[in-house]
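Q: Now for the letters of each chain:
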Amino acid sequence: MTGGGKPIWSAGLILAVIAAVCTSLVALTYSMTKARIVANEQAWLEQSLQPALAGVAYDNNLIEATLTIPLPHELPGNDPVLVYRAVLENEPVAAIFVVTALDGFSGPIRLLIGIDAAGIVTASRVLKHNETPGLGDFIDSTKSDWIDQFEDKSLSAPDRLLWALGRDGGEFDQVTGASITSRAALKAIKETLLYFEANQESVFAGL
Amino acid sequence: MSGMQSIRKALWDENPGLVQLLGLCPLLAVTSTFVNGLGLGLATIVVLTCSNILVSATRQWLRSEIRIPTYVLIIASLVTCMELLFEAYFPALDRSLGIFIPLIVTNCAILARAEIFASKHRVVPSMIDGIGMGLGFGLLLCAIGAFREFIGHGTVLSRLDMLFGGGPFAGLTILDSPFLLAILPPGAFFSLALAVAGKNVIDRRRKRAAGFRLSI
Numbered sequence: 001m002t003g004g005g006k007p008i009w010s011a012g013l014i015l016a017v018i019a020a021v022c023t024s025l026v027a028l029t030y031s032m033t034k035a036r037i038v039a040n041e042q043a044w045l046e047q048s049l050q051p052a053l054a055g056v057a058y059d060n061n062l063i064e065a066t067l068t069i070p071l072p073h074e075l076p077g078n079d080p081v082l083v084y085r086a087v088l089e090n091e092p093v094a095a096i097f098v099v100t101a102l103d104g105f106s107g108p109i110r111l112l113i114g115i116d117a118a119g120i121v122t123a124s125r126v127l128k129h130n131e132t133p134g135l136g137d138f139i140d141s142t143k144s145d146w147i148d149q150f151e152d153k154s155l156s157a158p159d160r161l162l163w164a165l166g167r168d169g170g171e172f173d174q175v176t177g178a179s180i181t182s183r184a185a186l187k188a189i190k191e192t193l194l195y196f197e198a199n200q201e202s203v204f205a206g207l
Numbered sequence: 208m209s210g211m212q213s214i215r216k217a218l219w220d221e222n223p224g225l226v227q228l229l230g231l232c233p234l235l236a237v238t239s240t241f242v243n244g245l246g247l248g249l250a251t252i253v254v255l256t257c258s259n260i261l262v263s264a265t266r267q268w269l270r271s272e273i274r275i276p277t278y279v280l281i282i283a284s285l286v287t288c289m290e291l292l293f294e295a296y297f298p299a300l301d302r303s304l305g306i307f308i309p310l311i312v313t314n315c316a317i318l319a320r321a322e323i324f325a326s327k328h329r330v331v332p333s334m335i336d337g338i339g340m341g342l343g344f345g346l347l348l349c350a351i352g353a354f355r356e357f358i359g360h361g362t363v364l365s366r367l368d369m370l371f372g373g374g375p376f377a378g379l380t381i382l383d384s385p386f387l388l389a390i391l392p393p394g395a396f397f398s399l400a401l402a403v404a405g406k407n408v409i410d411r412r413r414k415r416a417a418g419f420r421l422s423i
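Read top to bottom, the protein sequences are chains A and B. If you're matching positions, the first sequence starts at 1 in our numbering and goes up one per residue. If you're matching positions, the second sequence starts at 208 in our numbering and goes up one per residue.
No lab work stands behind these hints, which were simulated from the structure alone. Wrong hints could be hidden among the right ones.
What the hints assert, rightly or not - Coverage of chain B stretches by chain A, computed from C-beta distances (three or more under 8 Å per stretch; other residues unrestricted):
{"id": "1", "stretch": "291–301"}
{"id": "2", "stretch": "384–398"}
Stated by the list, open to error - One-sided and incomplete, this derived list gives chain A residues near chain B with beta-carbon spacing under 10 Å:
{"id": "3", "residue": "14"}
{"id": "4", "residue": "15"}
{"id": "5", "residue": "59"}
{"id": "6", "residue": "61"}
{"id": "7", "residue": "63"}
{"id": "8", "residue": "129"}
Unchecked claim - With beta-carbon atoms standing in for the labels, derived distance ranges:
{"id": "9", "chain 1": "B", "residue 1": "319", "chain 2": "A", "residue 2": "32", "range": "49 to 59 Å"}
{"id": "10", "chain 1": "B", "residue 1": "212", "chain 2": "A", "residue 2": "54", "range": "33 to 43 Å"}
{"id": "11", "chain 1": "B", "residue 1": "220", "chain 2": "A", "residue 2": "6", "range": "56 to 66 Å"}
The model shown is predicted, which means the values in this text are computed figures rather than measured ones. The C-beta atom is built at its ideal place from N, Cα and C for all residues, glycine as well.
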């Protein structure tokens, strides 16, 4: 274990070899589990669609009525956005946006945002986040009902100027000590509503 | 030291949670239910055993200047693999444990075993040490999880489906009016304190009994 008189570069060499071995171990596991992880995430997303459409009646299969909004777009996140569209008697009634808020406290926050044809939020659900447990994880509906305050809200009620946290002069509650997380979720919902207002036609196109 | 002796030592006399008081962050944070404790316990056993084996197998090439970065590399890679495996095979449990799977990397019990034991012993004893210490930590997680769930939710074994598959399993409801404090953060500290105190009482009784026998 002792280095003795050996030159330091040999230590660096050993460390490099170990790092290469460890990296290949991780890469191997990643390639073996990738397909299953993607399938699990998709299953979880599809399970969460129903809660995001709270109270909306529809009669189509959401999974077959998807739309992908390519880049560039004004929605949150840097990826193409997947939209699930709900239809009742051939009339589009709601859309669920799968967006990524990039300004969370630690890492991206994946959200489902349901909006009905009148531009009112049906519900929002967090799919995945890395916020601090016990502090920033209140956005998860299994941890607290904070995210429920957006239900039945639209850009006219409250007025769009009041779409901000209480401490920023707006209408919505923040969680003390976690205003970055609160602000990120709120901003994602607001931007999605703005996008929907401007592009409702194209979101419901082809239904 | 025989395998059985070192397991016994790891489970009771030198239990990483009860005696060494290592790894308290995950211990206190995830033990709100039995299944969370079991899931994190199993993950810790696997990571600790593999890291002990790897550290022990590479110990002759390790120079003291680079031993800590090497341990960190090995442990971090194992934890990353573990996180991927959880995401792939136990997605519900992964969501429930959240960031505590990646945080196994900061469980100082694992680094401590690499430094104190695995880097100085051969592969088989190191493996036994890893299993023993992992079991000692895992059993404590399960015990505190079961206790807090029973007092705080009034249920036993709820959501075992997260680990073993099948439909959502609500568990058996035993208490109708649970004492919510047990599942809140202070409840975690109280439960751990009770466990440590309980162990000390048992040890003292045993010692007294042994002393009594000697004096006769």
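Q: Hint by hint, note whether the structure agrees.
A: Consistency of the hints with the structure:
Beta-carbon proximity to chain A at under 8 Å applies to 6 residues in the stretch 291–301 of chain B; the threshold of 3 is reached and the given coverage holds. Residues of the stretch 384–398 of chain B with a Cβ under 8 Å from some Cβ of chain A number 1, which does not satisfy the need for three, so the listed coverage is violated. With a least beta-carbon distance of about 6 Å to chain B, the hint placing residue 14(A) at the interface is held under the 10 Å criterion. Taking 10 Å as the C-beta contact cut-off toward chain B, the hint placing residue 15(A) at the interface holds, the least distance being around 5 Å.
Proximity of residue 59(A) to chain B is violated relative to the hint, the smallest CB-CB distance being about 26 Å (cut-off 10 Å). At about 23 Å, the closest approach between the beta carbon of residue 61(A) and any beta carbon in chain B exceeds 10 Å, and the interface hint on this residue is violated. Hint status for residue 63(A): violated, given a least beta-carbon distance of 18 Å to chain B, over 10 Å. This hint holds: residue 129(A) has a C-beta 8 Å from the nearest C-beta of chain B, less than the 10 Å allowed.
Checked against the given bound of 49 to 59 Å, the beta carbons of residue 319(B) and residue 32(A), roughly 30 Å apart, lie outside it. Under the hint 33 to 43 Å, the C-beta atoms of residue 212(B) and residue 54(A), about 59 Å apart, miss the expected range. Between residue 220(B) and residue 6(A), the C-beta spacing of about 39 Å breaks the proposed range 56 to 66 Å.
Comparing the model with each numbered hint stated earlier shows that hints 2, 5, 6, 7, 9, 10 and 11 do not hold.
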